Structure formats: structure tokens, C-alpha cells
Amino acid sequence: MLELDAITMRFGGLTALHAMSLSVAEGETLGLVGPNGAGKTTLFNVISGVYAPSGGTIRFGGQDVGALPQWKRARVGIGRTFQIPQPMRELTVRENLRVAQRFGAGKEDPAALDEILDLLGLAHKQHADAATSLALTEQKALEVGKALAVRPRLLMLDEVLGGLEMATKRTFARTLETVRARFGLTMVIIEHDIETIKALCPRVVVLNFGQLIADGTPEAVFNDPQVIRSYTGDTPA
Amino acid sequence: MKHRMVVLVALVLAYGAVPLLLGSMDYVMSLIIAALTIGGVALAWALLGNLGGLVSFGHAAFFGVGAYTSAILVVDHHWPVLLAMVAGGVGAAVASVATMPALRLRGPYFALAILAYGHIFRILAVEATSLTGGAAGMLSIPGFPTLLGINLASKTGAYALILTIVLLFAWLYGLIRRSTYGLALRAMHDSELATRVVGVPSTHLKAAMLVISAFMTGVVGAFNAHQINFLDPEYAFASSWTVLPIAAAIFGGYRTVWGPVLGALVVFLVDQLVFKELMPSGHQLVFGVLLGGMVILGPHGLLPLLGRWSKKEASHAGA
Amino acid sequence: MMKRFTSAVLSKRRALLACCAVGAVMMASPAMAAEFVLGSELPLTGKLARVGTGMSEGIAIAIDLANAKYAGQHHFSVQTIDDETNPAKAVAAVEKLASDHVVAITGGYGSNIIGPASEAAAKAGLVYMTSGGVAPELTQRGLDSFFRINNADGYGKAMVGLIETMGAKSVAILYSNKEATAAMATYVQKALTDKGIKITSHEFDDTTTDFKPIMNKVKLQDRPEVVAMIGYENDYIGILRAGAVLKPDVKAMVGVWSLATAQMNKEFHDQVQGVYGTSPLPYPVVFKGGEAQDFAAAYMNKYNREPDYLQQFGYVQTMLLIDAIARAHDNDGKIEAGEIARELRATTTPTMIGDVTFDKNGDNPNFTHRMGQHQGDRVELVWPANAATAKMNYPAVPW
Amino acid sequence: MLELILQALYSGLLAGGYYAMIALGLALVFGTMRIINLAHGELVLLAAYVAFEMERSFGWTPLASIPVALVVVGLTALVIYLLIGRIRQDRELNSLILTFGIAIVLTNLILMIWSADIRSTSNSWFMDGVVLGDTLFSMRGEVIFCVIGVLLLAATYWWLNHTWQGRALRAVASNRDAAKLMGVNPARIEALSFLVSGVLATFAGVAVYTASVVFPAVGHNLTIKAFVITVLAGMGSVPGVLLGAVLIGVGETLTTTLAKPSLQELTGMVIFLLILFLRPSGLFGRKGMVKK
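Heads up: the protein sequence lines correspond to chains A, B, C and D, in order. Residue numbering for the first sequence follows the numbering used here, starting at 3 and increasing by one per position. Residue numbering for the second sequence follows the numbering used here, starting at 18 and increasing by one per position. Residue numbering for the third sequence follows the numbering used here, starting at 98 and increasing by one per position. Residue numbering for the fourth sequence follows the numbering used here, starting at 670 and increasing by one per position.
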């Protein structure tokens, strides 16, 4: 479904991604881990079109999407969330989803919105102001909701569980699993919490200094000495 | 329901009571027509500012292009006036495409790049003598026809025409505002990244607002040309076609649909009927003070009542 | 229509004023006495503020002198509205004046503003009298209530006539790309070309401040005998200063309006020496006729300086209008629709600016301007010969 | 032809020196406060009218009236600064409207006080021709004020780079909050930049009064010209202002010489837009005018 070939991303003198190649199969849930500054979010930004890569190709569903502007990537089915929630200010929760659905999915479908709101537990807050009246969990849920309203085939979640209480985190992880099954999604998840990764992702890749240093099952990856070295204290592995 | 009644009463007053009560006073009608003309531009300007998030300092460019397009089509090619006015809007919309490179500029730079376009269009109008009559301008431009038994060239007719134009534009503005396009546009101001990532082509939408705003301004410019029956580059591209609408829009509340129109009516009529009576040749001074005062005290500070009222109006319109 | 001038329709304030001013008069001849309010729509602010103010002063003098002239019979006053150099506001001003029942309109500056304003006056059935718009189009509209005492042809004829008298073979025209100046340039260019004179022309815009590059083209490429300048004061000063620096080998610098004036002579004395421009009267004014003398005296008394062409034209147009109003009223004690216009067409009055008559379009076919030349502290009339107050200095340039 | 072009270049250069003086004040405020003072042209005009009044009433040469004009224009500039300080929200855009209102007020005050007549110095000393190598002509006033302009530019440049105040001003310009941490009071520095802008406007005004003619409507043209040059220069860059001014000056005179005089304003605007689109941060700009 998603194939990255030799993606390089440079910012001035700094190279954030080194000729990185990665492929994600349809229906797969992939965990993306690595220390801070490893290039995880940069990778998301390159895939979703926030940045144009300095080199390499991005194929999505067999199509080269590297030249597509950001908004068109959403339309071909790449949905993503931001680590720091980016609600559309001035709009209500439901209006946030409406905009995402109208432009990302191409047409409005109130029933589908209801379902998303229900699944994410936002139904009772749908007319609340998105910028000011949501708790952190709800902000995160809205972040996922917007991405879902786009009707993505690939959903990229950037630390969507970060900063949540342990119990909430578990509930949210289950919600994500339900959502994945319901919409038949392929997912890439950036997450620091190993337990969550293990619960959600059959496959994990590790990034360090913009390079892919491990790829495999969670058990294999987290026992890889190179990964442990790179992770210097960042994970309890 | 109550809202419907308000609208109905307002329409009856606007179309019925105003012409009946004031129709015989040419002078007052002229001022109201001029105020609505400015109101129309103010509405278009506010649409671009509010929905597109773009503050323009050169709407006179679109006003002038619309006026010239329509006048030339009528005078040289004998188009019917009302059709030519629509073409005037289209002409301004086309001109706005030429200004699109400016869309990538930030706030004040965009505002002033459009100002430069206004100057360029004006100079072109002076130089294209064979088309525009050059600096001498065009005198005796045909006025409005009689439509459905209403002589639109009369004061009352012209009033009804500009009122209809402004109402149509306000309706269109409201429609866009309430649509998902409007939602996306409003969201773009503070959260452009958030909108792009869910598939909103933000630059395209902004460009579309620019085109629509230019179209509206062009139609109003064309209206003015056929109402005053005269054009020259200096007048058609006068900076007052930019400044007065901005003042009106901010005065009335540019985040609302009706604020700009009400602002234009209040600012222009108060200036002409009150200040000018009090200070026949120094009233522009008062206008300058008003403009500055508005910014410092804030639109809701200077006219709190109107501000609150138009806010309520907006939430009705949005519902 | 008929009630327009009677005291019944006057505002209280004005009626009161009128009573005070002409109280005695009314008692003397109650049957014929009438109060007339003239309307005036003029630019007192905006780009044309200067010329508009000049004309309004002339109008004020006309009102004063008319009240002396018709003392015991009629009383005149003027209601002035600033049009802010804006056509839409000029139209509104005319409509306001009409709704205040003025008897006729005198004023207006700029053909572009006079056009729509005079159409509004026509709609309201009011005579519109001006000296501020010279575009040919104004009198081609078939308005029978529009009158003007001057026109582009008159200015053009004077400029062309002077250049012809000089016997110049080549002329460079420098003109501003404004409405009146561009139209004038076209006229002059055509007229001179028809007479076999070699013409080069340079159009500049009104933000131009440095004329040296243009003047240098004139000096090195055109090499004309005469430079014709068609612009406004700031343009003339710029051109003349550029000339003074570059010293092109020309024999005369000829301008049109706003140049051969007392003010220019005083304020830019050295820079305008020998320069020509249109001028209805010499400076200092030497008046033969009593009226002109009265005008100059009244003006100097009121404003404490010499009158210029702006005031002279404003005065003449208003006086002609007032005379026509008085005649229209005096034949039967009231004024019918169109009667003022009819009386104006019957005008054959010698005025300070020569004989004035009006054709069916309201134009004054007799109008030919005179050309003045700055000679020392004086502006002497040097063309046409029958109006000349001194011999033309030719060749003569300020440098 | 060569002679024409050389004269055009020379005239353009001289004009550039004097345009730079008009523009620098605007550029400075723009650089420090991100504010485009649309009343800047009126400040210049005010100085010109002060010079006129001094010459008419006391027969002073325009150069002698500079101290008086400095006081009048400096105070006016400070008033504008104080008014801008009262804008609560969206200062960048609201200041445009505020200063436009101030411009209207100043224009009308000037009209009321000094009438609409055109004014210029009657001191012929400034108008005398200065000829370089038999082919390059100019008025003495132009040369004097071009030199003054360049000196003022150099002084401002030096002041910005070598004095404590200048450095503080640049610090405020690049990062207001960081400047605060360095112990700089941004409000005081901004007031200072307005004051200096008033000083520059004073010299520019006296130059305009001497080398050209003034009337109330001229202020707007001056503002536009100053703004165009400021954008060409890029965020408050002093060498950029000089280069931009010369570019406009030479562009105008060359247009006059090679094409039509009436197109010279068009040339200015086209240069303006081209630079805006091709080099959005201006000739010497550091920070962009383009959204990232």
C-alpha cells in the first residue's frame, strides 16, 4: 500500500532522513518508534506532504504521490493526526469533521459522521467549540476523528496516546483497534509506550538519526541490541 | 421564525418605505445610493477579509476594472446595460486572476501589492486611450434601462437596483459562509495546517474568495459608472473606493455579513448629512479622526450597540 | 418651479437674513423686489481645491457687486457646497441645491465633474453655468440648460495664435496626462500641424517632479523653437526649472492656464520671466471699463490681493447669470421654466473677458483667450494685437 | 542618445539620493515595528510647509528652518507613535487604517492652514545650475540634498550598527521578546525609531520644498513612493533603501528618456511587483514577506 524508496530529507545542513526505504502492506498496523529527534514526525510530514523530500519516491496504492500537494494526499486516502492537536479553531467539533469529510472524502455524509462521533465518544460534545471546550482526551479523539472523516485508507497517528493516563490510554487503544477493524484501515502509529505498541502493532520499525535500524515483530525489535543502544534510557526495554 | 419576520419587515421597509418617504428627495436618495455603492464594495471586501483572511488595500482596482469593462461594452459594443454590468464583474474577476501571485504574500504585503495593481490598472486605463478614452474619460455613459415597468434610471429605480445587488451579494455571502467551504475558510485563518491535512485546498479557496470578491466589486463599479454616467481613470480607480469601504466594514463589524453594509450607510450618511453640514469644507478631517478613533477604540468600543446588534444578527445568519 | 425664488420657500434662517439685508429695499419697491439664492457646487477640498476656491471668490465678488447693482430691486446670495473633487458628490450637491430651491447653479471645476453635475442640474431643471470645464464633449451633449463662458478651443486658439505670430517653425509640446490638458494638447497639436509647424510631444503624468530628462530630450532631440507647456502650476515650475538648468536653445516658453498670473509673477518671479500663458487681464490690472475696475477694487478690498483669471471667470459667469435672472424676473415678475436659459442665450454683454454670447449648446463661440507674458513685475497682454498692453518680448526665456 | 542616457542616469541617481531620504524614515519604523506609517508622506509635507512658512514670514533660507521643522515634525511623529501604541489588536493591519486616518487629518489641516496653492522656495540660489563635464546638468539644491540624503543614510547606518541605541533597535526589530530579556525597553526603542523617522522626514521635506514644489495632495504620492522603496529594500535595510531608491529614480528617468514620460509611475509599480514576487524578502531582506 505504502512504499517509500530512498527518502532523504534535509533541512539546511541537517539531514533528518537518510535514504530511508519502507513499505507498509494493506491492512497492516505498523508501530514507528525511536528516540526523540529520530525523524519519526518528519517521516509523517513527508508522507502527508507537509514537506517535500529532498530525494526519493513515495508511492501510495501504486501511485506516485510525491508531487501531490498536501491537500490532495488527504484526498487519495492518507489521513494523519498531529502530536499537538490541531483543531480548526472557530468551529465546533462536528463542523471540524464536516470540513474534513467534505474536502477529504469528497462528499458530506451525516450518518458516517454520527458513527465516527459515536465510536470516539464525542457525540455529546459535537456542538462544542473545538478550540476551547475539550479535555485532552477529547482533543486527541477529535484529532483522530478528523483523520477518519477524510475516509483514509492509511491512517498515521502521531503520539495520539501521548500524555494520557494509563487507564485512558488502554481504552483509547481499544477504540483505535475497533476503528481500524470497522474501516479496514492500514495504520502507522508513532508511540513511545512499548506496551501499547505491543498491544496494537504486529510489526515495529525503529528509527534513529533518520535511519531505519530495525524492522520486525515487537519481541524481536525490542530485544535487538542495536535498538537498545540507540534508545539510551528512553525506553524501559 | 422571529428572524424571518425581521427580514421580511426589513425588506418591506427597504423596498417600500424608503422610496415612498424619501423618493422625492433626489439629494437624499443620491446619498443613499452612494452609501449602498460603498456598502456593496465593503461587503465584497469583508468577504475577502473574513472568509479569505486577506486584507486588501486596493479594491479600487476591481471597482475600476468593472466600471470600465461595463462602460466600454455598452458604449462601444452596444451591450444591454444590465448584462454589461455582469460582464463588468467578470472583467474584475479576470483582473483578480492577474493579482493572484500576491496571494502568497503575507498580510500587509498582500494589501499593498493589490494597491500597486490598482495603480497599474489606472495607468493602463490612461494609456489605453483608444479603448478607454484615456485621461479624458468617458462622458454620458448610458444609464439603466426600464425593466418590468420600473425606470431604473430614476433615483428610485437606481436605488432599487443597487439595493437588490447588495442584497443578492449578502445572500451569496451568507450562503458561502454557512457552507462547508465557509467553515473551511473560517478555519483556515488560525489553523491553515489543520485544514490542509484534511484535504482543504486552502490556496484555491482563498483564490476563489478573491475572484468572488473582485466580481462583486466589479459589478458595483459597473453600477456606479452607469449611475454617474461618467468615468475617468482618476475617478474609477480612486483610493476612496478602497478606503471608504474598509472604514465602513470595520465600523460596522467586518466579521458579519450585514455589518459592512450598515457601516457604509452610517459612516457615509452621517459624514455627508451631519459633518458636512457642520463643517462644510473640513469634514474630511472629522472622517480622518473617526477612522483613527475606530481603530483605537475598537469597532465595538465606538458603536457598542451596533456592534452587539450585528453580532446577534450574525449568529442568526449563521444558525 | 415658479416658487423657486420666492421668500415663501426660503428657509427661515435665510429669510431672516434676506429681511435684514434688503429690508429697506423691499419697502422701497415691494412689487418687484425679490430674493434670489444661487447655488454653487465647487471643489473646495481634494485635488482641485485651489482652482475651486479661486472660482468661489469670483462668485462671491459677483454677488456683492450684483447686490450693489440691483440695490433697491433684488437681492442675491449664494449657497455653496463643496463637491470634494468627486463627481458623485458633485451630483449629490446639485441635487441638494435643487431641493433647497436655488434659482440656478454657478460653479463647477473639471470637465469630468461638471459633466455629471450639469446633467443632474438639467434633470432638476436648473441652469448650470461654469468656466471650469473646457472639454468639447460638454457642449456636445445637447443640454439646453448648460452654459460656459470659456472652452478648450479658446485656449487653444490663443496658444496657437501666439505661436503663429511668433513665426515659429517647430514646437515641442509637453503635456500632463490629465483630462483637460490631454484634450488641449490634442487640439494644439492638430492646429499647429495643420499650419505646417513641426511638432514633437511628450506626455507626462502628474506625479512627475523632475523634468530634466524630458527637457533634455527636447534640448538634444527635438530642438524646437518654442516649448508649449500644457499642465498646472507645479508642472510649469518643474519644466521651467529644468529649462533653467539645461538651457535648451529655444526662443519662447508658452503655457496655458494658471501661468501668466499675478501669483506666479510674485512667487516665482525669476523663474517665469518672459514666459507666456493665457490671461484675461494684465497685471497689475489696468482697467478701462468701470465694471472691471469695480471688480478689481472689490476683490482687493475683500481678499487683499490681485485677482487672477479664476476669480475673473468666476465673476463673469456669475454676473451674466445674475443679469439673466434679473431680466427673466423683471419682464413679468416671475420666472418660468427655461426662461433663465432663454435670457442667457440672449446675452450679448461685453465683459472683462471680451464679448460673451451663447450658442444653442451653451458654448461661447466668441471666446478667445488672450496671451500674457511675464515682463518684469508685470504680466502684459501680448496677444491678440487688439487687446495687447505691451509689445511681445521675443525671443525671451527665463534663463 | 548616449548623452541623453547619461543625463537620465545622473538625474536618476540624484533623485535616488533624495527618494532614499523620504523612504528611510518609513523603512526604519517598518523595520522596528512592522508598521507601515501611511502618514509618512504627510510628515514630509509638514516639514516642507514649515520651511515655507519660515521663508514667507521671516525670509529664512530653507536650510535655516530645519531646526524648527525638526521640532514640529518630531512632535507630530511622537503623537502618531502614541496613537499607534493604543492599538490593542492586530496592530500590523489596524495601524494601516489608523495612519491613513492621520494622513487625512494632516492633509486637511495643511489645506486649511496653508491653502491649496503650490509652494516652493523662491531662493534662486538652490535653483542655479550645476554642470558636470559639460553634459550632466542639475540644480544646486538637488546636489545638496542628494549629498545630505546619502550622509543621513550613512549616519543612520552607522547609528544602527555602532551605537547602543541602534543595536537595541535592531534587537527589537528581530525579536521583541528577546530584546526585552536583554534589558531593552521595546516601547522606548520604538518611540526612538519614530523620532528618528521624524528627523529624516524633516530633511526630506525641506528637500522637497527646495528641489520641487509642494501642495497638500502631494503627501499621498510621497508615501507611496517611500513604501515602494521600503519594500524593494527589504525589512528596514539601509543599503537596501539606497539601492531601491536609486533603482526607482533611474527607472523613472530611463523610462522618460527611452519610452514615454507618462509611463514612469508604471515603471516604479512594475519594479515593485517584480521584486515582491521574485525576491519577496526585498533586495537586502532577511525575513520574508511570504508566508512560510
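Hints are computed from structural coordinates only; laboratory data are not their basis. Treat the hints with care, as some may be off.
Below, a list of computed lysine to any residue pairs in the SDA-like style, where the Cα atoms sit at most 25 angstroms apart [to be verified]: (1) Lys348(C) - Val799(D); (2) Lys363(C) - Pro908(D); (3) Lys399(C) - Glu154(C).
Only a predicted model underlies this, so the values are computations on that prediction, with no experimental measurement involved.
Comparing the hints with the structure gives:
| no. | hint | verdict |
| --- | --- | --- |
| 1 | Lys348(C) - Val799(D) | holds (22 angstroms) |
| 2 | Lys363(C) - Pro908(D) | violated (42 angstroms) |
| 3 | Lys399(C) - Glu154(C) | holds (9 angstroms) |
The structure fails hint 2 only (numbered hints given earlier).
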